[in-house]
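Each protein sequence line maps, in turn, to chains B and X. All residue numbers for the first sequence refer to this note's numbering, where the first residue is 255 and numbers rise by one. All residue numbers for the second sequence refer to this note's numbering, where the first residue is 82 and numbers rise by one.
These are computed hints drawn from the structure, not numbers from a lab. No residue lacks a Cβ here, since even glycine has one placed at the ideal position from N, Cα and C. Wrong hints could be hidden among the right ones.
[Unchecked claim] Calculated lysine to aspartate or glutamate pairs in the EDC-like style (CA-CA distance at most 16 Å, straight line): (1) X:K184 <-> B:E426; (2) X:K184 <-> B:D271; (3) B:K335 <-> B:D271; (4) X:K322 <-> X:E283.
[What the hints assert, rightly or not] Quick look at which bits of chain X chain B covers, simulated, 3 or more residues with Cβ under 8 Å: (5) 85-98; (6) 269-279.
[As the list claims (entries may be wrong)] To give an idea of the interface, some chain B residues facing chain X are shown, with a C-beta separation under 8 Å as derived from the structure: (7) L260; (8) S322; (9) F325; (10) Y341; (11) K344; (12) Y362; (13) R374; (14) L400; (15) K401; (16) K405; (17) R407; (18) E409; (19) A428.
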Amino acid sequence: MEARGLLKELLEMPGGDQILKCIQCGTCSGSCPMYQAMDYGPRRLFAMAKGGDFDEVFRSNTYWICASCYFCTVRCPRGIKITDIMYALKRMAVARGYTPREKSAYMYQAFKETVEQYGRLSEARMMQKYLTKAPMDAIKNASLGLKLLLKKRMEFKVEPVKNPGTFKAMLEKARELAHEGSSQEGEVQWSPEEA
Amino acid sequence: MKTVFYPGCTLKSAAGYQESIEAVLEALEMEVPEVEDWNCCGATAYFSLDEMAALVLPARVMAIAEEMGADQVVTPCNACYATLRKARAILAEEEDLKEKVNKALGVEGKLYRGRIQVRHLLDFFMEPQVRDTWKARIQRPLKGLSVAPYYGCQYTRPQTDGEDHPERPVTLDLFLEDLGARVVDFTAKTYCCGAAQMVAHEDACLPLVKRILLDARQKGAQAVVAICPLCQFNLDAPQAKLNIGEMPVVYFTQLLGLAMGLEERNLGLKKLLVPFKVAL
């Protein structure tokens, strides 16, 4: 059963078995700063995961909205590493072809592409890539962009690592090793749909 | 104890953080060499998409720092700090992952041993010896300035080895008191600003920023003090959209520079979006 497989996968990641310890107290959802923007809070998401309703879990925006503030993690009375589970859900969702509808997924992808290219991040370069996927955000932030430009805080020139070629090869090696000895299919080439 | 500095990608475009760090270290005649050929730590993006690379990126930074003979690597960014510490903790526990990470680092002839410590710049300045050095140089204590110490999330959560409380830390409070400032009782000191989600989910993040700034104002603060480029940006940049008046958001190193009597123009204060003008 697919649900069983996914639950097993979730439980097998470091700290993932803790999800079974969840007592549904709701401290996580009550502490979450992004709760308002989520389809479900973490508490409800865990109930759905434990119940095997992974399709609904992966279709939700919850784990993409997580801001990684770790408030839930430090407060959870059962010691569940909730933030890390949110990260795992993102990776699992992408690998399983649940194409994220979420703009934060485009942002992470733009971030990753920039780093892969230069070894370092340039916010301006990342935003260029991101805004091609979410053009409305460009209009919203035009005046801020202008202010930053005037303050000489817009850096388009990236100072890359000394050898971007070997750097990229290192990341490719990492990707190769990640799938070594695992029964999972190889990395899914993922290109986000338009926003 | 040899210390090296990991600036992280956002320091360069931050509003005077880099300038003030350099000015202060120069005035103190302290040399903290930069990690050579450093790379992005991967931050929240890599852990979201690619776990092995998410471990390799911070491991590369720490491996280079180790190669330079350093005992600790110091970073001015909460996200870099949390990411490096997270990778360090995972690799200390998972021998198998560490082996794989080193195979990847091997492509560039690098090796991560796991001996290096990771510290935030604030903690570095609060090391007893360093603290004594700058305290002896304070010429213009910030008397009469009320400040709200903003720690953000990832400085205290969750990989801190219990150095400070995850919700009610005090390190920055103590630092600011040393500068002679009045530190307000800031409830929102570790509330989340929305971090990178400000890019994609501004609507959800603006109320978070508003709550933090209003708390600072209600407690009588004249400025919020930040210790992270992203926190500072998120609190400073959207104020024009909030209609709650202006609240300057400065870096702790800018205040240190002012208290040491360094020239304002060397502290990058003009790069702040909400101007900081307090007669000291």
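Here is how each hint holds up against the structure:
| no. | hint | result |
| --- | --- | --- |
| 1 | X:K184 <-> B:E426 | 11 Å, holds |
| 2 | X:K184 <-> B:D271 | 28 Å, violated |
| 3 | B:K335 <-> B:D271 | 10 Å, holds |
| 4 | X:K322 <-> X:E283 | 11 Å, holds |
| 5 | 85-98 | holds (count 6) |
| 6 | 269-279 | holds (count 6) |
| 7 | L260 | 17 Å, violated |
| 8 | S322 | 5 Å, holds |
| 9 | F325 | 7 Å, holds |
| 10 | Y341 | 5 Å, holds |
| 11 | K344 | 4 Å, holds |
| 12 | Y362 | 4 Å, holds |
| 13 | R374 | 5 Å, holds |
| 14 | L400 | 11 Å, violated |
| 15 | K401 | 6 Å, holds |
| 16 | K405 | 5 Å, holds |
| 17 | R407 | 5 Å, holds |
| 18 | E409 | 5 Å, holds |
| 19 | A428 | 4 Å, holds |
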